[in-house]
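**Q** The lines below spell out each chain.
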Amino acid sequence: MTEEKKTPILRIRSLTKQYDNSQRVILPRIDLDVYPEDFLCILGPSGCGKSTLIRCIAGFEDYEGTIESNGRIVKKPGTDRIMVFQDFNQLFPWKTVVNNITYALKASGMADKKARIAKAEKYLKKVNLFDYKDYYPHQLSGGMKQRVAIARGMALGSSIILMDEPFAALDAMTRNRMQSELLHIKEKESMTVVFITHNIQEAISLGNRIMVMSRNGEVKEHLYNTLEKPVTPATPGYGALWKHLNDLLTEERADDK
Amino acid sequence: MKKNIRLIAQILFVIAFLILWQILYSLQIWPPLLFPSPGMIAEAFVKAFTSKGLGPMILHSLRLLLIGLLLGVSVALLLSALSAINEVFAAIYNMIVSMFDLIPGIALIPVAILWLGIGDGAIIFMVFHSVVWPMSRSIINGFNSVPNIYLEVGQNIGLNRIRLILGVFIPAALPHIFSGLKVGWARAWRGLISAEMVFGGGTALGIGYYITDRRTNLDVAGIFATIIAIILIGLVVEYGIFMVIEKNTFSKWGMTR
Ligand SMILES: Nc1ncnc2c1ncn2[C@@H]1O[C@H](COP(=O)(O)OP(=O)(O)O)[C@@H](O)[C@H]1O
Ligand SMILES: [Mg+2]
Chain A
52 MTEEKKTPIL RIRSLTKQYD NSQRVILPRI DLDVYPEDFL CILGPSGCGK
102 STLIRCIAGF EDYEGTIESN GRIVKKPGTD RIMVFQDFNQ LFPWKTVVNN
152 ITYALKASGM ADKKARIAKA EKYLKKVNLF DYKDYYPHQL SGGMKQRVAI
202 ARGMALGSSI ILMDEPFAAL DAMTRNRMQS ELLHIKEKES MTVVFITHNI
252 QEAISLGNRI MVMSRNGEVK EHLYNTLEKP VTPATPGYGA LWKHLNDLLT
302 EERADDK
Chain B
568 MKKNIRLIAQ ILFVIAFLIL WQILYSLQIW PPLLFPSPGM IAEAFVKAFT
618 SKGLGPMILH SLRLLLIGLL LGVSVALLLS ALSAINEVFA AIYNMIVSMF
668 DLIPGIALIP VAILWLGIGD GAIIFMVFHS VVWPMSRSII NGFNSVPNIY
718 LEVGQNIGLN RIRLILGVFI PAALPHIFSG LKVGWARAWR GLISAEMVFG
768 GGTALGIGYY ITDRRTNLDV AGIFATIIAI ILIGLVVEYG IFMVIEKNTF
818 SKWGMTR
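Quick mapping for you: the protein sequence lines, in order, are chains A and B. The numbering used here runs 51 ahead of the 1-based position in the first sequence. The numbering used here runs 567 ahead of the 1-based position in the second sequence.
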């Protein structure tokens, strides 16, 4: 890999993870660097350890090895690494949309109430949900909830946004719209994203880097996605990249007995 | 539409019940002194408030109830919160709750009298006992069933332990807490009246005392009138207070199970 010499925002060395209640080593000595402005998509078969990896980065799990975020060892969750889950229930149902964000800002130490509201509204505009700011989460669609969660992460000014299949539970059309909206935001904001998916099209459309994990939790392949955004199936090179990734994933499945 | 039919059916039933009562009265099977007519009960009801001072008696009982309820809820919240933080404490507190919840309030009256004397203190003690254990049970249940994702989001946005309890555990467990409150209130209300009746005149205040007083005066209509007052108060609390709170909190948030 010939990345220019920037300092990684996220530096992972020999990350090993085994759950207390099981013999299986989920992640065997993973190394990974993520640089500012990266959009890293992680692809892998179901159960290979993608969520485990991102949860370790988020600070939700104990692990062996090192994970450094902005040069500091990750020991617990923090606002420098905000997680967007697949589960639509990641907003607090007892708070309105805007208050879900202002509450997070307050928790992270922003003292000025007016400034909190202004910031929350600014980011709600970015995800086109300003008109819904006084709604309660249960009044929103799944896609809208995910956009609020993304807005919350951005408003917190997290240096890395961690997304664990945030669009996987959405219908295809909404999912496509969310993808282009996310790309659009990414172009305008300086943000670093680690994005888990098991959808090849999604990885190609979003990522500038794509990492494929093998069934046993190793990094199988790590490549740069140089296709020009926005990527469509008609983009030159799309077919070849899709096939390459699909072959890698099929191998993993074929290895299954 | 459905709701209307139910309401009409209920009203018709009450009317039929009153008519039947009136017929039984007219047949003069029992002496009117022991079996008063609905009209006599209504009259006694009015008289209880206008000339016999039931109003202040009720207020006195409700005041003690409120004090005991607030004490019980606060202590239950505090101790349940502690058990959410500390596992050793949780183990001990769980045991205490299961044991003490088994003691009928009335069985504690002798102790209450010996410790606190006949009077308000003993009544408040009874109410407290009726509330604190079912409340604790519900709160602990509620805390245990808070979805993990809320806790992870809470940690992610930087909430510490105490703010996690106040800002996530309590609102997320509100439906449980509320059902505990309903159980607690119903028990407390009954416990309070029984206690006042047992004290019988020692304090000369409260609904329970009033009923006992009617009995000594052989005023059966007055007894029924008081019972109706007790039912009405229960209805006001159920529909006027609990339902309103429910509508404006977790029902509004889409959290009703
Ligand atoms: N809390 C846990 N305890 C024990 N095993 C777990 C736990 N969470 C996940 N696993 C196991 O770890 C493996 C990887 O899971 P996961 O990281 O969720 O995979 P993916 O997100 O790639 O589908 C699976 O075999 C799963 O059963
Ligand atoms: Mg997963």
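If you are wondering where the hints come from, they were derived from the structure by calculation, not from laboratory data. Heads up, a few of these hints could be off.
Said to hold, decoys possible - Far from chain A, by Cβ distances over 10 Å, these chain B residues were calculated:
(1) Val613
(2) Ile634
(3) Tyr660
Claimed, not checked - Examples of chain A residues lying across from chain B (beta carbon under 10 Å, computed):
(4) Pro87
(5) Arg132
(6) Asp138
(7) Trp145
(8) Phe181
(9) Arg203
(10) Met205
What the hints assert, rightly or not - Here are the computed lysine-lysine pairs in the BS3-like style, where the Cα-Cα straight-line distance is at most 25 Å:
(11) Lys184(A) - Lys814(B)
(12) Lys146(A) - Lys570(B)
(13) Lys184(A) - Lys819(B)
(14) Lys819(B) - Lys157(A)
(15) Lys237(A) - Lys184(A)
(16) Lys57(A) - Lys271(A)
(17) Lys570(B) - Lys749(B)
(18) Lys814(B) - Lys570(B)
(19) Lys146(A) - Lys819(B)
(20) Lys184(A) - Lys165(A)
(21) Lys157(A) - Lys184(A)
(22) Lys57(A) - Lys177(A)
(23) Lys173(A) - Lys146(A)
(24) Lys126(A) - Lys146(A)
(25) Lys57(A) - Lys126(A)
Think of the CB as a built atom: it goes at the ideal place given N, C-alpha and C, for glycine as much as any other residue.
**Q** Decide, hint by hint, whether the structure agrees.
**A** Hint by hint, here is what the structure shows:
No Cβ of chain A comes within 10 Å of the Cβ of Val613(B); the nearest lies about 44 Å off, and the non-interface call holds. Annotated as non-interface, Ile634(B) keeps its C-beta farther than 10 Å from every C-beta of chain A; the closest such distance is 28 Å. The Cβ of Tyr660(B) sits about 26 Å from the closest Cβ of chain A, beyond the 10 Å cut-off, so the non-interface label holds. This hint is violated: Pro87(A) has a C-beta 21 Å from the nearest C-beta of chain B, more than the 10 Å allowed.
The interface hint given for Arg132(A) holds, since its Cβ lies 8 Å from the closest Cβ of chain B, which is under the 10 Å cut-off. Checking Asp138(A) against chain B: minimum C-beta separation of about 5 Å stays under 10 Å; hint holds. Annotation: interface hint on Trp145(A) holds; nearest CB of chain B at approximately 4 Å, less than 10 Å. Because the beta carbon of Phe181(A) sits about 21 Å from the nearest beta carbon in chain B, more than 10 Å, this interface hint is broken.
Look at Arg203(A): its Cβ gets to within about 8 Å of chain B, closer than 10 Å, so that hint holds up. At its closest, the beta carbon of Met205(A) sits 13 Å from a beta carbon of chain B; the interface hint therefore is violated under the 10 Å criterion. Taking the CA atoms of Lys184(A) and Lys814(B), the gap is about 21 Å. The hint holds against a cut of 25 Å. Distance hint between Lys146(A) and Lys570(B) is unfulfilled; the C-alpha atoms sit about 31 Å from each other, more than 25 Å.
Between Lys184(A) and Lys819(B) the alpha-carbon distance is near 16 Å, which keeps this suggested pair within the 25 Å criterion. A threshold of 25 Å between alpha carbons decides the hint, and for Lys819(B) with Lys157(A) the separation of about 24 Å falls inside it, so the pair holds. The straight-line distance between the Cα atoms of Lys237(A) and Lys184(A) is roughly 22 Å, inside the 25 Å bound, and the hint therefore holds. This hinted pair checks out: Lys57(A) and Lys271(A) have alpha carbons roughly 24 Å apart, not beyond 25 Å.
At most 25 Å may separate the alpha-carbon atoms for a hinted pair to count; Lys570(B) and Lys749(B) meet this at roughly 23 Å. Between Lys814(B) and Lys570(B) the alpha-carbon distance is near 18 Å, which keeps this suggested pair within the 25 Å criterion. Restraint check for Lys146(A) and Lys819(B): the C-alpha separation of about 10 Å stays at or below 25 Å, so the hint holds. Distance check on the hinted pair: Lys184(A) and Lys165(A) sit about 15 Å apart at the alpha-carbon level, within 25 Å; holds.
About 17 Å separates the Cα atoms of Lys157(A) and Lys184(A), which keeps this hinted pair within 25 Å; it holds. Taking the CA atoms of Lys57(A) and Lys177(A), the gap is about 29 Å. The hint is violated against a cut of 25 Å. For the hint pairing Lys173(A) with Lys146(A), the CA-to-CA distance comes to about 18 Å; that is within 25 Å, so the pair holds. A distance of roughly 29 Å separates the Cα atoms of Lys126(A) and Lys146(A); the hinted pair therefore is violated under the 25 Å criterion.
For the given pair, Lys57(A) sits about 24 Å from Lys126(A) by alpha-carbon distance, which is consistent with the 25 Å threshold.
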